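Protein chains: 2
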Amino acid sequence: MTEYSAPRRDIEFVLYELLDYEQHCQKLPNGSEVDRDTVTAIVDECGKFCENVIAPLYNIGDKEGCQWEDGNVTTPTGFKEAYEQYVEAGWPSMTHDPEVGGQGLPESLETVISEMIGAANWPWAMYPGLSHGAMRTIGLHGSDEQKQAYLTKLVEGTWTGTMCLTESHCGTDLGMLKTKAEPNDDGSYRITGTKIFISAGEHDLSDNIVHIVLARLPDAPEGTKGISLFIVPKFLPDANGDVGDRNGVNCGSLEHKMGIHGNATAVLNFDGATGYLIGEANRGLNCMFTFMNSARLGTAIQGLAHAELGFQNSLAYAKDRLQMRSLSGAKNPDGPADPIIVHPDVRRMLLTQKAFAEGGRMLAFYIAFHLDTEKYGSDEEKALSADLLALLTPIAKAFMTETGFESANLGMQVFGGHGYIQEWGMEQNVRDCRISMLYEGTTGIQALDLLGRKILQSQGELLKRFTKIIHKFCQAHQEEESLKEFIEPLAQLNKEWGDLTMHVGLAAMNNLEEVGAASVDYLMYSGYITFAYLWARAAVVAQGKLDGAEKDYYDAKLKTARFYFQRILPRTQALAVIIKSGADNLLAMDEEQFQY
Amino acid sequence: MTEYSAPRRDIEFVLYELLDYEQHCQKLPNGSEVDRDTVTAIVDECGKFCENVIAPLYNIGDKEGCQWEDGNVTTPTGFKEAYEQYVEAGWPSMTHDPEVGGQGLPESLETVISEMIGAANWPWAMYPGLSHGAMRTIGLHGSDEQKQAYLTKLVEGTWTGTMCLTESHCGTDLGMLKTKAEPNDDGSYRITGTKIFISAGEHDLSDNIVHIVLARLPDAPEGTKGISLFIVPKFLPDANGDVGDRNGVNCGSLEHKMGIHGNATAVLNFDGATGYLIGEANRGLNCMFTFMNSARLGTAIQGLAHAELGFQNSLAYAKDRLQMRSLSGAKNPDGPADPIIVHPDVRRMLLTQKAFAEGGRMLAFYIAFHLDTEKYGSDEEKALSADLLALLTPIAKAFMTETGFESANLGMQVFGGHGYIQEWGMEQNVRDCRISMLYEGTTGIQALDLLGRKILQSQGELLKRFTKIIHKFCQAHQEEESLKEFIEPLAQLNKEWGDLTMHVGLAAMNNLEEVGAASVDYLMYSGYITFAYLWARAAVVAQGKLDGAEKDYYDAKLKTARFYFQRILPRTQALAVIIKSGADNLLAMDEEQFQY
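Taken in order, these protein sequences are the chains called D and C.
For the first sequence, the residue numbers in our numbering are 8 to 603.
For the second sequence, the residue numbers in our numbering are 8 to 603.
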């Protein structure tokens with residue numbers, strides 16, 4: 008059984024010591040309400056809910072899974088009751104607009120609580136998580152009528168939402184999708200087609216499910232420019248806005264998956280279901296990007312969540328499990344063997360998880376701050392935040408899930424053979440994490456988005472927005488002797504990042520395939536530098552507080568930063584060589600030559 | 008559903024073109040019987056058995072798992088019938104001594120067929136696999152009477168064997184084990200204790216199960232020097248040597264695991280069970296090493312097996328699945344999209360699997376050759392082979408399973424979201440592979456064995472035995488322009504390997520913890536160079552045959568070698584930096600500081 012304890016201290020460090028949440032909130036319309044005590048109380052309250060209510064359901068959810076019967080889905084024991092508590096406590100409405108029943112707190116707080124909820128029980132967290140994406144989409148693109156009809160219910164939490172993109176023949180390539188939307192006389196549409204892989208697509212947690220569906224109007228242009236977005240509720244609202252007639256959308260079956268068994272992954276059959284157009288016709292993919300960006304940050308947090316859960320549980324095991332003696336002499340001479348945390352390689356595995364979990368927290372919150380600023384900053388701030396979000400979202404999604412999976416595997420490895428046994432929960436953490444590199448755009452898709460669409464299409468401008476920030480940070484601290492070990496390698500890598508990008512850009516001018524060939528290694532390279540920037544910032548803060556209270560906390564922060572710089576960051580050296588090796592070694596082989 | 012096709016052509020390449028099996032067999036006592044036609048027929052026949060009989064049971068075995076009822080275990084549908092066919096065809100006896108009913112073929116052939124059997128259905132393969140380890144242990148350390156009573160039945164295949172080491176409180180640290188062995192008046196022993204994680208520990212495939220059990224005699228010295236080895240059969244042989252009375256060993260339960268569901272992982276309760284001492288008292292661990300070394304090579308092959316299975320299935324999918332257009336223009340203009348194999352990043356994932364699978368095959372067979380030579384070579388050859396086996400066994404076990412797991416994950420990644428769904432079988436390949444880095448000594452344990460016990464304790468001599476071979480190979484080909492791209496980096500890394508070892512050795516003289524701190528990265532580093540040596544040898548062979556028949560095959564071999572050198576081998580650069588970073592960054596943190 009896994010256990011979870013909310014990392015309140017480290018959350019506070021990132022919010023207030025690293026990123027200065029107090030000052031950040033000043034620029035938000037509702038900033039005065041978000042004083043430090045309020046935030047601490049929110050984090051603490053949510054932490055308790057995670058620790059006591061949903062974390063204990065994590066392993067049960069895996070074992071029981073979701074049950075399908077005649078189109079109805081029953082979630083695992085306790086999931087429904089936990090969701091009721093979540094709604095009663097008002098969590099769904101925390102960051103939404105007061106006009107639709109929200110509490111109007113900054114959106115960044117959503118990221119803070121979603122880390123805890125996700126680490127405690129990711130499959131459960133997906134039900135409210137998908138709802139938030141639906142809320143954002145309707146909030147940004149829906150009509151006032153749609154907001155009144157659907158958003159209020161979603162914000163209340165009594166209804167939940169989903170995101171229906173994928174069809175069996177297309178996931179990445181949405182231009183191929185076939186689901187039809189034919190106009191009715193009353194302005195609504197008849198939606199017909201089959202969607203697969205719909206997370207939280209059918210369940211018993213809420214009174215109604217609001218599907219956000221991509222479909223094609225008659226005579227729409229081919230490809231991605233002919234896709235529109237629709238609201239298709241499971242039950243049509245009645246005259247009072249409550250649950251009315253059953254709509255023609257049904258869950259045909261649930262997928263049997265490697266993990267996240269507690270979340271229902273539905274095949275949804277739309278059989279002339281009534282739907283309502285959101286935004287402009289044929290502009291559905293643009294609206295959907297709102298949903299996708301929020302889902303991508305959400306998935307990045309999944310990487311962090313599994314790293315954190317694996318770290319906490321493998322740390323406890325490493326302190327408890329006695330096996331072999333330390334090479335430098337017994338550390339537990341009265342016991343039959345030493346606790347395995349004395350062994351350097353076990354420490355390597357623990358510190359890797361710790362560095363990725365804490366690094367992920369810094370990046371997730373950093374991005375969340377820019378989400379606030381993109382909305383409420385000055386024009387100049389808005390533009391900068393938008394650029395940074397465009398750059399950092401694919402990095403966070405792919406890098407945090409890849410390193411989250413590495414971490415989850417190391418957490419399991421610390422347990423030795425016991426890690427492979429279900430009762431410890433560590434193999435579940437690995438299985439549940441594995442989907443994060445696939446859904447919401449695979450690592451490969453994020454990498455193409457980063458290098459092709461974001462960096463090269465902007466002639467490197469988007470990258471420069473970020474490397475300038477890093478450059479200024481390095482300049483500000485370059486004279487401090489105690490920080491040299493962080494600032495020097497960071498400054499050097501920051502420069503190399505630009506050079507490497509130029510190298511790939513030039514190669515791509517001759518052959519566009521160079522972009523795809525470099526993409527994933529380039530993304531990982533970028534991720535390591537992004538984390539290095541944040542770890543260096545953490546080191547600056549910690550270094551300044553070594554003499555005060557909580558010396559141990561700051562000292563540990565510094566040691567983790569050092570571990571990251573000495574044992575993780577050198578991976579960039581290999582990646583740079585591999586990136587420069589070019590596309591030929593990938594393209595040279597004929598299709599028929601792969602098979603022997 | 009996964010499918011498997013035996014890689015006959017590549018097996019032949021490694022056996023006859025890379026390693027010269029014909030010449031190798033000359034020095035074996037039964038070498039004249041092992042002509043090329045015979046070997047080809049054996050590989051082909053075994054390949055058919057794998058493709059047609061056990062591969063189709065791979066996904067069924069995962070779904071059904073093993074069922075426990077009142078101490079009896081039922082294996083999945085078809086497993087028993089497949090095992091009967093395997094026995095009838097004489098596969099268990101192929102490489103064993105004619106005196107105990109074997110066919111006396113070279114032991115190296117066991118590796119060749121076990122790759123195919125393992126890739127087709129690893130959980131099934133474990134039943135005969137564990138038996139082989141038991142056979143080797145009894146064959147080497149058992150009395151004539153024990154060989155007559157047990158080995159003949161194991162060789163026949165009507166009985167199977169297991170390996171009972173682990174107890175709940177000790178796996179790595181066998182010195183802590185508690186199972187007791189008390190002498191009876193008739194020279195036998197009463198064995199009492201509980202063993203866990205016993206693969207193939209109880210099942211319905213064979214008439215009897217011969218457990219090889221580690222236990223402690225009364226008044227035995229503490230720790231590893233007080234452990235003895237026993238044969239404990241499930242049924243005691245009767246006067247005719249057939250199945251007699253039920254012995255006091257029972258399966259208390261089966262573990263619920265992440266994968267390998269088709270293999271029964273048993274908790275075995277020994278309740279005064281009758282056992283027979285193998286070899287000398289208190290020398291059990293030494294005898295068990297025979298079993299363990301063969302099990303470690305077996306587990307290395309598991310890494311290769313999952314890489315191969317993932318590669319074959321993801322290659323087929325990549326040719327079939329249409330999604331997006333090639334960046335350099337449509338390659339399938341008449342279809343709705345291009346097959347994903349046109350995308351460079353998909354090729355990167357396929358080539359990584361291909362390079363690891365073919366590299367693993369070369370290393371496994373290379374080791375198997377030395378197993379033969381250790382037995383039948385000249386004294387000088389025997390000594391060299393023993394040294395190379397000591398060095399390469401931990402490298403093969405850890406490196407081939409780590410890269411096997413990476414490959415299995417890439418195979419799954421090629422499928423996108425579909426990879427996460429059970430029906431495709433790719434997530435099973437990942438789950439089944441994951442155990443390989445844990446059992447038979449974790450990656451960390453292999454790494455300590457390699458760097459501490461093998462290399463540093465021999466003052467680097469064991470390493471030099473191998474680097475000299477690489478050095479001579481490089482010298483022999485250093486003038487060949489067409490091979491420079493392989494020989495130059497290999498020669499340089501081979502030198503660096505020695506320097507790096509010296510660096511760690513010197514650091515370890517000051518602080519033994521430096522060994523543990525460097526160990527896993529050092530092992531991986533060593534693995535990459537070992538594969539590079541074999542890939543360079545493959546390139547030499549292929550380069551020489553580019554103008555003949557099968558040009559495509561050799562050209563593909565050369566391109567895969569190039570991919571390995573350009574895109575995989577540079578990882579050594581990061582590893583070297585990380586290794587040199589020393590132990591401080593792992594040891595500095597106090598135990599209490601890990602937690603925030």
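Take these hints with a grain of salt, some might be off.
What the hints assert, rightly or not - Over the 12 Å line for every Cβ pair with chain D, so calculated as not near, a few chain C residues:
#	residue
1	P14
2	K55
3	T272
4	Q330
5	P351
6	M433
7	K475
Said to hold, decoys possible - Label-pair distances were calculated between CB atoms; the ranges are:
#	chain 1	residue 1	chain 2	residue 2	range
8	D	K34	C	M509	40 to 48 Å
9	C	G555	D	M509	39 to 47 Å
10	C	E503	D	G259	31 to 39 Å
11	D	Q92	C	D591	44 to 52 Å
As the list claims (entries may be wrong) - Below, in silico cross-link-like pairs of lysine-lysine (BS3-like), each with a Cα-Cα straight-line distance of 25 Å or less:
#	chain 1	residue 1	chain 2	residue 2
12	C	K471	C	K502
13	D	K185	C	K502
14	D	K382	D	K475
15	C	K187	D	K338
16	D	K491	C	K587
17	D	K389	D	K475
18	D	K587	C	K185
19	D	K70	C	K70
20	D	K232	C	K338
21	D	K264	C	K326
22	D	K264	C	K70
23	D	K558	D	K479
24	C	K471	D	K338
25	C	K326	C	K502
26	D	K185	C	K326
27	C	K382	C	K471
28	D	K326	C	K185
Honestly, the hints are just simulated from the structure, not real lab data.
It should be emphasised that the depicted structure is a prediction, and the values quoted were computed from it without experimental measurement.
Ideal placement from N, C-alpha and C gives every residue a C-beta, glycine not left out.
Status of each hint after checking the structure:
{"no.": "1", "hint": "P14", "verdict": "violated (6 Å)"}
{"no.": "2", "hint": "K55", "verdict": "holds (17 Å)"}
{"no.": "3", "hint": "T272", "verdict": "violated (8 Å)"}
{"no.": "4", "hint": "Q330", "verdict": "violated (4 Å)"}
{"no.": "5", "hint": "P351", "verdict": "violated (4 Å)"}
{"no.": "6", "hint": "M433", "verdict": "violated (9 Å)"}
{"no.": "7", "hint": "K475", "verdict": "holds (27 Å)"}
{"no.": "8", "hint": "D:K34 to C:M509: 40 to 48 Å", "verdict": "violated (57 Å)"}
{"no.": "9", "hint": "C:G555 to D:M509: 39 to 47 Å", "verdict": "holds (44 Å)"}
{"no.": "10", "hint": "C:E503 to D:G259: 31 to 39 Å", "verdict": "violated (58 Å)"}
{"no.": "11", "hint": "D:Q92 to C:D591: 44 to 52 Å", "verdict": "holds (47 Å)"}
{"no.": "12", "hint": "C:K471 to C:K502", "verdict": "holds (10 Å)"}
{"no.": "13", "hint": "D:K185 to C:K502", "verdict": "violated (59 Å)"}
{"no.": "14", "hint": "D:K382 to D:K475", "verdict": "holds (22 Å)"}
{"no.": "15", "hint": "C:K187 to D:K338", "verdict": "violated (28 Å)"}
{"no.": "16", "hint": "D:K491 to C:K587", "verdict": "holds (19 Å)"}
{"no.": "17", "hint": "D:K389 to D:K475", "verdict": "holds (17 Å)"}
{"no.": "18", "hint": "D:K587 to C:K185", "verdict": "violated (56 Å)"}
{"no.": "19", "hint": "D:K70 to C:K70", "verdict": "holds (15 Å)"}
{"no.": "20", "hint": "D:K232 to C:K338", "verdict": "holds (22 Å)"}
{"no.": "21", "hint": "D:K264 to C:K326", "verdict": "holds (24 Å)"}
{"no.": "22", "hint": "D:K264 to C:K70", "verdict": "holds (12 Å)"}
{"no.": "23", "hint": "D:K558 to D:K479", "verdict": "violated (28 Å)"}
{"no.": "24", "hint": "C:K471 to D:K338", "verdict": "violated (35 Å)"}
{"no.": "25", "hint": "C:K326 to C:K502", "verdict": "violated (41 Å)"}
{"no.": "26", "hint": "D:K185 to C:K326", "verdict": "holds (22 Å)"}
{"no.": "27", "hint": "C:K382 to C:K471", "verdict": "holds (22 Å)"}
{"no.": "28", "hint": "D:K326 to C:K185", "verdict": "holds (22 Å)"}
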